[in-house]
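For the sequence shown, position 40 matches number 52 in this note's numbering, and the numbering has no gaps at all.
Among the hints, erroneous ones may be present.
Unchecked claim - When the alpha-carbon atoms are kept at most 30 Å apart in a straight line, the in silico DSBU-like pairs for lysine-lysine are as follows:
hint : residue 1 : residue 2
1    : Lys137    : Lys102
2    : Lys83     : Lys105
3    : Lys137    : Lys105
4    : Lys54     : Lys137
5    : Lys105    : Lys152
6    : Lys105    : Lys81
7    : Lys101    : Lys137
8    : Lys102    : Lys152
9    : Lys152    : Lys101
10   : Lys83     : Lys102
11   : Lys152    : Lys224
12   : Lys83     : Lys152
What the hints assert, rightly or not - Cβ-Cβ distance ranges computed for the label pairs, FRET-style:
hint : residue 1 : residue 2 : range
13   : Glu211    : Lys152    : 21 to 27 Å
14   : Glu91     : Asn66     : 28 to 34 Å
15   : Tyr141    : Lys101    : 34 to 40 Å
16   : Asp134    : Gly216    : 20 to 26 Å
17   : His154    : Phe214    : 51 to 57 Å
18   : Glu159    : Glu180    : 41 to 47 Å
Derived from the structure by calculation, the hints contain no laboratory data. These figures come from a predicted structure and were not determined experimentally. Backbone N, C-alpha and C define an ideal beta-carbon position, used for all residues, glycine too.
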Amino acid sequence: MREHYGLDKLVDYSVEPIADPVRVVSPRHRQLDGEIRSAAAKLSRRLAKFGAMNLETTIEPDSVEAFMKEKAELQDEIEELQTDVEGLKKQRKEVSRHIAIDELPEEEKFSQLSTRSKHLIDTIKMVAYRAETTMANILKEHMSRSEEARSLLRALYNTEADLLPDHEQGILTVQLHHMTNHCSDRAIQKLCDELNETETCFPGTNLRLVMKLGS
Numbered sequence: 013m014r015e016h017y018g019l020d021k022l023v024d025y026s027v028e029p030i031a032d033p034v035r036v037v038s039p040r041h042r043q044l045d046g047e048i049r050s051a052a053a054k055l056s057r058r059l060a061k062f063g064a065m066n067l068e069t070t071i072e073p074d075s076v077e078a079f080m081k082e083k084a085e086l087q088d089e090i091e092e093l094q095t096d097v098e099g100l101k102k103q104r105k106e107v108s109r110h111i112a113i114d115e116l117p118e119e120e121k122f123s124q125l126s127t128r129s130k131h132l133i134d135t136i137k138m139v140a141y142r143a144e145t146t147m148a149n150i151l152k153e154h155m156s157r158s159e160e161a162r163s164l165l166r167a168l169y170n171t172e173a174d175l176l177p178d179h180e181q182g183i184l185t186v187q188l189h190h191m192t193n194h195c196s197d198r199a200i201q202k203l204c205d206e207l208n209e210t211e212t213c214f215p216g217t218n219l220r221l222v223m224k225l226g227s
């Protein structure tokens, strides 16, 4: 139905505020998570380096002093990183993981795509599908190959027609042009007869629709 009617083109993509009490991940909690992961990864690399340190040169005063200095500096950096990680984790405990969407900072707030037009188009799709199914069932009774009923309807949708209003008689005649073969014409005429029996008025007027094939 989407490719034959193009109904999805009627859907707009405007946005609207989110009215429901939706809860989302707190931006501050997410930020602290990232900082903790970054600091913990850096700490892991420093601990690995510290554990792999060995004095591989001769035991000379200068060599030993340089080694001990490097190891002491790395130890200080490790302790500082451990303090940072613990502090960040403490901050994260004090921040709720989820907050209501209306509690977001203004620069973090977002909207949802408008759903009103989509609901309308979905309703139109269902009505169109049911109408086409009804017409296809009518056509099947007068076709030797009933599985082609919907294809014949799609061909009918693309067929030109003349609109002939007659205000004195209160009639709007829809004069369809002939189909590609006599069998199709006969089936479409039967469909027209069925539709005419509904005595439907064209919306917004008092003109009764009369479907007619050919001149």
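Comparing the hints with the structure gives:
In summary, the hint linking lysine 137 to lysine 102 is not supported, as the alpha carbons are separated by about 54 Å, beyond the 30 Å threshold. A hinted pair counts as satisfied when its Cα atoms are at most 30 Å apart, and lysine 83 with lysine 105 does not qualify at roughly 33 Å. Taking the CA atoms of lysine 137 and lysine 105, the gap is about 50 Å. The hint is violated against a cut of 30 Å. Between lysine 54 and lysine 137, the direct Cα distance comes to roughly 56 Å. Violation of the 30 Å bound is thereby established for this hinted pair.
Distance restraint check for lysine 105 and lysine 152: the Cα-Cα separation of roughly 68 Å exceeds the 30 Å cut-off, and the hinted pair is therefore not satisfied. For the suggested pair lysine 105 and lysine 81, the alpha carbons sit about 36 Å apart, so the restraint of at most 30 Å is broken. Restraint check for lysine 101 and lysine 137: not satisfied, since their Cα atoms lie roughly 53 Å apart, outside the 30 Å limit. A C-alpha spacing of about 73 Å is found between lysine 102 and lysine 152, which places the hinted pair above 30 Å, so the restraint is violated.
For the hint pairing lysine 152 with lysine 101, the CA-to-CA distance comes to about 71 Å; that exceeds 30 Å, so the pair is violated. Taking the CA atoms of lysine 83 and lysine 102, the gap is about 29 Å. The hint holds against a cut of 30 Å. This hinted pair checks out: lysine 152 and lysine 224 have alpha carbons roughly 19 Å apart, not beyond 30 Å. Only pairs whose Cα atoms come within 30 Å are accepted, and lysine 83 paired with lysine 152 is rejected, the gap being roughly 89 Å.
For the pair glutamate 211 and lysine 152, the beta carbons lie near 24 Å from each other, so the given range of 21 to 27 Å is met. Separated by about 21 Å at the C-beta atoms, glutamate 91 and asparagine 66 break the suggested range of 28 to 34 Å. Between tyrosine 141 and lysine 101 the beta carbons are some 56 Å apart, a value that contradicts the proposed interval 34 to 40 Å. The supplied range of 20 to 26 Å is met by aspartate 134 and glycine 216, whose beta-carbon atoms lie about 24 Å from each other.
About 26 Å separates the C-beta atoms of histidine 154 and phenylalanine 214, a value inconsistent with the hinted range of 51 to 57 Å. Hint check: glutamate 159 to glutamate 180, Cβ distance near 44 Å, so the stated range 41 to 47 Å holds.
Checked against the numbered hints above, the structure breaks hints 1, 2, 3, 4, 5, 6, 7, 8, 9, 12, 14, 15 and 17 and satisfies the rest.
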